[in-house]
Amino acid sequence: MSRLRIIRAFFLLICVVLLATGCSSVDPWVKPYERDRLADPIMSFDRDPVSNGYINHVYEAREGARGASGSSGGGCGCN
Amino acid sequence: MLRAVPGVVVAATRRQPGLLALLLLLAAGAQAGVLPEDRADALYHYYDGGGVQIDGPSLLMRKQVGQQFSVFGNYYVDTISSASIDVVTTASAYDEERTEYSVGFDYLRADTIMSFSYGNSDEDDYQADTFNFGIAQEVFSGLTTISLGYGKGSDTVRSNVDSSFEEDADKQSYRLGISQIITRNMLASVNYEVITDEGFLNNPYRSVRYLDPASGTGFSFQPEVYPNTRTSNAVAVRGRYFLPYRAAVHGGYRFFTDDWDIDAHTAEVGYTQPVGAWNLDVGYRFYTQTSAEFYSDLFPYEDAQNFLARDKELSSFDSHSLRLGVSYDFLQDGYQFLEKGSVKLFYDRIYFNYDDFRDIRGGGIPGEEPLYDFEADVVQFLFSFWF
Numbered sequence: 001m002s003r004l005r006i007i008r009a010f011f012l013l014i015c016v017v018l019l020a021t022g023c024s025s026v027d028p029w030v031k032p033y034e035r036d037r038l039a040d041p042i043m044s045f046d047r048d049p050v051s052n053g054y055i056n057h058v059y060e061a062r063e064g065a066r067g068a069s070g071s072s073g074g075g076c077g078c079n
Numbered sequence: 080m081l082r083a084v085p086g087v088v089v090a091a092t093r094r095q096p097g098l099l100a101l102l103l104l105l106a107a108g109a110q111a112g113v114l115p116e117d118r119a120d121a122l123y124h125y126y127d128g129g130g131v132q133i134d135g136p137s138l139l140m141r142k143q144v145g146q147q148f149s150v151f152g153n154y155y156v157d158t159i160s161s162a163s164i165d166v167v168t169t170a171s172a173y174d175e176e177r178t179e180y181s182v183g184f185d186y187l188r189a190d191t192i193m194s195f196s197y198g199n200s201d202e203d204d205y206q207a208d209t210f211n212f213g214i215a216q217e218v219f220s221g222l223t224t225i226s227l228g229y230g231k232g233s234d235t236v237r238s239n240v241d242s243s244f245e246e247d248a249d250k251q252s253y254r255l256g257i258s259q260i261i262t263r264n265m266l267a268s269v270n271y272e273v274i275t276d277e278g279f280l281n282n283p284y285r286s287v288r289y290l291d292p293a294s295g296t297g298f299s300f301q302p303e304v305y306p307n308t309r310t311s312n313a314v315a316v317r318g319r320y321f322l323p324y325r326a327a328v329h330g331g332y333r334f335f336t337d338d339w340d341i342d343a344h345t346a347e348v349g350y351t352q353p354v355g356a357w358n359l360d361v362g363y364r365f366y367t368q369t370s371a372e373f374y375s376d377l378f379p380y381e382d383a384q385n386f387l388a389r390d391k392e393l394s395s396f397d398s399h400s401l402r403l404g405v406s407y408d409f410l411q412d413g414y415q416f417l418e419k420g421s422v423k424l425f426y427d428r429i430y431f432n433y434d435d436f437r438d439i440r441g442g443g444i445p446g447e448e449p450l451y452d453f454e455a456d457v458v459q460f461l462f463s464f465w466f
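These protein sequences, in sequence, are chains Y and B.
If you use my numbering, the first sequence corresponds to residues 1 to 79, in order.
If you use my numbering, the second sequence corresponds to residues 80 to 466, in order.
These are computed hints drawn from the structure, not numbers from a lab.
Some hints could be false.
[To be verified] Here chain B is said to cover these stretches of chain Y; the calculated rule only asks that three of the stretch's residues, wherever they fall, bring their Cβ under 8 Å from a Cβ of chain B:
(1) 36-43
(2) 51-59
[Stated by the list, open to error] Only pairs whose alpha carbons sit at most 25 Å apart, straight line, appear in this in silico SDA-like list of lysine to any residue:
(3) B/K419 - Y/A61
(4) B/K419 - Y/R37
(5) B/K142 - Y/R47
(6) B/K142 - B/Y154
(7) Y/K31 - B/G112
(8) Y/K31 - B/I257
(9) B/K231 - Y/R37
(10) Y/K31 - B/Y320
(11) Y/K31 - B/V113
(12) Y/K31 - B/E116
Note that the structure is a prediction, hence the values are computed from the model and not measured.
Ideal Cβ positions, reconstructed from N, Cα and C, are used throughout, including at glycine.
Isolated chain Y (complex conformation) (with noise of 0.2 Å):
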């Protein structure tokens, strides 16, 4: 139970640094028209969905270790 609690704190923290800072306009160390390198498709985290789901339901399947893959993942991983 306390860890739920903990959890809930730590998510309502982020949302008030997020609403405390979210109105206020900060100016960009890397401005918008400076972005061009980190728009190229060879730059995303995620290029491919469907594969990088695949791969890491491979591995979810054989390992004990899970999440934190920055996808929401789902379905059965008992194979």
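Given the structure of chain Y, go ahead and fit chain B onto it with the hints provided.
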């Protein structure tokens, strides 16, 4: 119109601590967001390792509807032929099929993206329903994207050898992600996820072995018994760097720990090199974990403890993976309603080495059989169109 004021959020959450209220309030203060690209993917996947062959298609269609919605549907099939070491030592080989459907949508409001999805996985002895909700928002003039997610799964476990057997297993996950522009050449992300399970978490077919002098082999089997709860924490850091001659390197590390005493480390690096319309990918992944506290390859006697496991996924082991990928982009100038297309081939070779799971197929003195290891080949062939 609902406005985002920190004091209001705190007051509201004291009365109602539900995450949904938080997330909906959060949505009111959002900044820039972009819906995912419209695309169609057809993947053929093939796995062969440890006596198990699995293959099948995965089809994805994603399309923007209006200015604010993007909808998607995914159809996935695993056709399984299993003669794994677990199966051949304690049961008999089998064939089966798992089918998974998932649908969902993303909603762009002001500058925040909210995502909902539902998935159903079905095989003759296992059904799973999963709901996911997520929200992502850019802050600091687009330098930072923060995402939150919640998922809930409801599984039903059955047995093909006992028609009266039916148990439930529920799963909840809480996700937090931050992606950050570090420099004009570098991106980084941090993801944290808590997953809790409750219900029947073991496999109704799997057995553990224990020393039994009365047996001809020196050991016998009994059904495994797992705790009915599990909570895990995982945190991952990833980065990508754009090289001056248009190539990219990436790396990542994940730490995992759970209340079954499994600790795991995952590290990976990779390199992407475009050559004209071609893309070449190479990568390496290392994984290592400790065993669950109730795991043993050979228990000293029957019912040696209240929880018993001999699932090699819960044992102490490490794995190494090598990846090669090649892709070719075509229709780069578009054709009618198509913007572009690509065809990709990925090959992963995975080496699994177990520290305390023994290969008992060849007999020998119980507890002194050779340690088990195997290699797996994973092939993906992917056609994609953007429109």
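Verification of the hints:
no., hint, result
1, 36-43, "holds (count 5)"
2, 51-59, "holds (count 6)"
3, B/K419 - Y/A61, "violated (34 Å)"
4, B/K419 - Y/R37, "holds (20 Å)"
5, B/K142 - Y/R47, "holds (17 Å)"
6, B/K142 - B/Y154, "holds (15 Å)"
7, Y/K31 - B/G112, "holds (16 Å)"
8, Y/K31 - B/I257, "holds (19 Å)"
9, B/K231 - Y/R37, "violated (37 Å)"
10, Y/K31 - B/Y320, "holds (17 Å)"
11, Y/K31 - B/V113, "holds (17 Å)"
12, Y/K31 - B/E116, "holds (23 Å)"
Hint check: violations occur at hints 3 and 9; the rest are consistent with the structure.
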